[in-house]
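**Q** These protein sequences, in sequence, are chains A and B. FYI, in this note's numbering the residues of the first sequence are 24 to 158. FYI, in this note's numbering the residues of the second sequence are 73 to 669.
No lab work stands behind these hints: they were computed from the structure. Quick reminder that beta carbons are idealized off the backbone N, C-alpha and C, glycines included.
Within a straight-line C-alpha distance of at most 25 Å, the following computed SDA-like cross-link-like pairs (lysine to any residue) qualify:
| no. | chain 1 | residue 1 | chain 2 | residue 2 |
| --- | --- | --- | --- | --- |
| 1 | B | K285 | A | C128 |
| 2 | B | K282 | A | V125 |
| 3 | B | K282 | A | G119 |
Here are a few chain B residues that sit away from chain A, every Cβ distance over 12 Å (derived from the structure):
| no. | residue |
| --- | --- |
| 4 | K98 |
| 5 | D202 |
| 6 | R328 |
| 7 | D333 |
| 8 | G334 |
| 9 | T527 |
| 10 | L533 |
| 11 | V583 |
| 12 | R636 |
| 13 | I658 |
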Amino acid sequence: MACSFGRFGYFSAFDSAIRIVRGAMFFEYFPQVCTQCVDAFCARACPTGAFQRKGNIVDYNKLRCILCRQCLLACPWGFIYPDIDLQYMIKCDLCGGDPECVRVCFNDAIEYVEVADVSNTKYRGNVARAKGERK
Amino acid sequence: MIGKILRVNLSDRTTKVEEIDEVAFKNFLLGRGIGDYILYNEVKPEIDPFAPENKVVVALGPFAGTAIPGGARVAMVSKSPLTGSITSTNAGGHFGMELALAGYHVIVIEGESKEPLALFVRNEGAVFLDASELWGKSTSESDELLRNMTDSRCRTLVIGPAGEFRSRIAGVFADGHRAAGRGGVGGVLGKKGLKGIAALGKTHIVPENKDVKESISKVYECLRKSEGVKRFRNFGTTGNVRTINNAGSFPTRNCRDSYMDGFESINGTEVNRQYLFRVGSCAQCPVSCNRVCKVEYEGKTYIVSGPEYETLWAFGGATGVSDLRYVILAHHLANEYGFDGISLGATVACVMDLFEDGILRNLPFESPFGDGEAMLKLIHLAGRNEGIGSLIKEGSYRLAEFYGHPEYSMSVKKQEFPAYDPRGIKGMGIGYATSTRGACHLRGFNTSQEVYSATDPAYRLKYSDEKMDFLITNQNMRAVEDSLGICAFVGGYYGLDLFSEIIYNLWGIFVPSEELYKCGERVWNLETLYNRKAGFGRKDDTLPNRIFELPASTGPSRGEAYDRNEFERLLSVYYRKRGWDEEGNILPSTLERLGLQ
Numbered sequence: 024m025a026c027s028f029g030r031f032g033y034f035s036a037f038d039s040a041i042r043i044v045r046g047a048m049f050f051e052y053f054p055q056v057c058t059q060c061v062d063a064f065c066a067r068a069c070p071t072g073a074f075q076r077k078g079n080i081v082d083y084n085k086l087r088c089i090l091c092r093q094c095l096l097a098c099p100w101g102f103i104y105p106d107i108d109l110q111y112m113i114k115c116d117l118c119g120g121d122p123e124c125v126r127v128c129f130n131d132a133i134e135y136v137e138v139a140d141v142s143n144t145k146y147r148g149n150v151a152r153a154k155g156e157r158k
Numbered sequence: 073m074i075g076k077i078l079r080v081n082l083s084d085r086t087t088k089v090e091e092i093d094e095v096a097f098k099n100f101l102l103g104r105g106i107g108d109y110i111l112y113n114e115v116k117p118e119i120d121p122f123a124p125e126n127k128v129v130v131a132l133g134p135f136a137g138t139a140i141p142g143g144a145r146v147a148m149v150s151k152s153p154l155t156g157s158i159t160s161t162n163a164g165g166h167f168g169m170e171l172a173l174a175g176y177h178v179i180v181i182e183g184e185s186k187e188p189l190a191l192f193v194r195n196e197g198a199v200f201l202d203a204s205e206l207w208g209k210s211t212s213e214s215d216e217l218l219r220n221m222t223d224s225r226c227r228t229l230v231i232g233p234a235g236e237f238r239s240r241i242a243g244v245f246a247d248g249h250r251a252a253g254r255g256g257v258g259g260v261l262g263k264k265g266l267k268g269i270a271a272l273g274k275t276h277i278v279p280e281n282k283d284v285k286e287s288i289s290k291v292y293e294c295l296r297k298s299e300g301v302k303r304f305r306n307f308g309t310t311g312n313v314r315t316i317n318n319a320g321s322f323p324t325r326n327c328r329d330s331y332m333d334g335f336e337s338i339n340g341t342e343v344n345r346q347y348l349f350r351v352g353s354c355a356q357c358p359v360s361c362n363r364v365c366k367v368e369y370e371g372k373t374y375i376v377s378g379p380e381y382e383t384l385w386a387f388g389g390a391t392g393v394s395d396l397r398y399v400i401l402a403h404h405l406a407n408e409y410g411f412d413g414i415s416l417g418a419t420v421a422c423v424m425d426l427f428e429d430g431i432l433r434n435l436p437f438e439s440p441f442g443d444g445e446a447m448l449k450l451i452h453l454a455g456r457n458e459g460i461g462s463l464i465k466e467g468s469y470r471l472a473e474f475y476g477h478p479e480y481s482m483s484v485k486k487q488e489f490p491a492y493d494p495r496g497i498k499g500m501g502i503g504y505a506t507s508t509r510g511a512c513h514l515r516g517f518n519t520s521q522e523v524y525s526a527t528d529p530a531y532r533l534k535y536s537d538e539k540m541d542f543l544i545t546n547q548n549m550r551a552v553e554d555s556l557g558i559c560a561f562v563g564g565y566y567g568l569d570l571f572s573e574i575i576y577n578l579w580g581i582f583v584p585s586e587e588l589y590k591c592g593e594r595v596w597n598l599e600t601l602y603n604r605k606a607g608f609g610r611k612d613d614t615l616p617n618r619i620f621e622l623p624a625s626t627g628p629s630r631g632e633a634y635d636r637n638e639f640e641r642l643l644s645v646y647y648r649k650r651g652w653d654e655e656g657n658i659l660p661s662t663l664e665r666l667g668l669q
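Please model the complete structure; the sequences and the hints are all you need to start from.
**A** This is the structure we're talking about:
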């Protein structure tokens, strides 16, 4: 909800760039969001260059898009899909570095961190765990 | 323009779409308010609740389907088979958001169908489905089957087997586990032959004014800072068991006492320590108060959405069961069979009470207070409508009356008490007595002023007139929040000014904050007016004898009973402050002030 509102100014569950898939088990949810691949399948497939890598994200340019849906077929995870009016494609662009979804998530399920920080945190975590085991 | 009304006639299987009248919105808002308005205009107060002329209004608030926290509750209004009065009940879950995005804010269910039906609501309109496959299935199974029949992305509103055999304490369940329990609306839907509604929404809700973003940020800031929200996230409502026991207001063993020895074993900390599996939340809401527990019983693992404070009381305190495993399982069974947890627990407690006093002898098994196995057996009987179960499903008053002792039923207007003892919190007593849908804690939650925010621990035991002011404010504010579809747990963080601001920014309709408060008062008076026409009066605004005659024997409220003279005096004060006469009828001047002639 926050996602579609922050991006387009209206509330819609279908036009959100985050989709939550319900699992087979009770209370099992899988949130799905674009991984911003470095060598992006969508960018490779796009005939007009609407998808291009810019800095940390794969950017989608609505004006260049001709709605051929090649990106939809190319994305191995199905993270790109058309909006309900079939006018353009929807893809997470991290809201330019200040994602709306992070702002509204109370349980800190979503965090916005730089890639370098992630490896750093993991590395430190591993060291801490190793130390703990030795004790 | 604000939302649309979908009229569904089950007799001839037709649907009709209407616009919501802006004048009605300004007077009654949506949700419970518009439901009351439609019921008052279209359903005669004297009819039988199970007659085909009775209607069920499913109504959302104006904030459903947006990012406004806690605004996705779905209210259901009908003439209650349990009490005979107007009843409005609401549930959380994701159904409200989905229905709003499908483009409808109100569904009016009319008529009656011989064959079981389900309704599938989409942007393109509503279609009827044959629900004979779903008939007899539990709520979670029905939810899953209905989604398989329609679309896996749907959200549903279903009734369980209890609703199908027209139990008077059956609830309606959103997402298969979020209950709109009180008042027996599930039974009315069961009689009408509507097993469930599935909704799938694809529209956008476009706010009139971009400033709504700032309003939402304000609420989020408040919620983020609040200690109360943190507590709700950690314990849900279950932490209340300790608070209310320490206030000596935990009605134990069918109100024989107001303090439970060993309440620690069913407290929120125990739930978290032993059974908590994960937490869940409703649509649009960051509070996530829902506990999801994992229980093992007889070699099977159950994943249970719950328990809440009320069910911890109903299956723990009221029945005297202190084994948490049985309490959580009983909660699970109540949900699966489609009962209202509070009423079912209180009725089982009533059976146990009758058994203890030797009135009820023909049970196939013993059922003293505190016996978890017996409690589960009784719930299974009720869920299958067998043996004494066919009486349990009628609610405690009718059960106790059948055995010739209606005084054993702890109920007001035949609806069972919830988990706050009026002997320990005096304001709640008048709240229960004057509630428009029978005993109910959400109509006038005086506990907040008398326990949570009171500095003097003995304040709760005083019979002071100012409590009636609190009560009236609480009742009116609750009516406003219910009519806006806002959850009780986050409603307090908004305040009337912010409500008014958000309604303007979202829908472009300006309702000043003082007018909003008046809407709440109008809703309350309209419900009372309906009840007066249905034959209720001062004689029904009372409490069971046990509250007046039996003092609590242990705990912080030891020796406290409700003084009958003080009760009558406070009731008169309440009527006067409401602008009603001594008999509880609304004075013409009050009706004129509220525009209800």
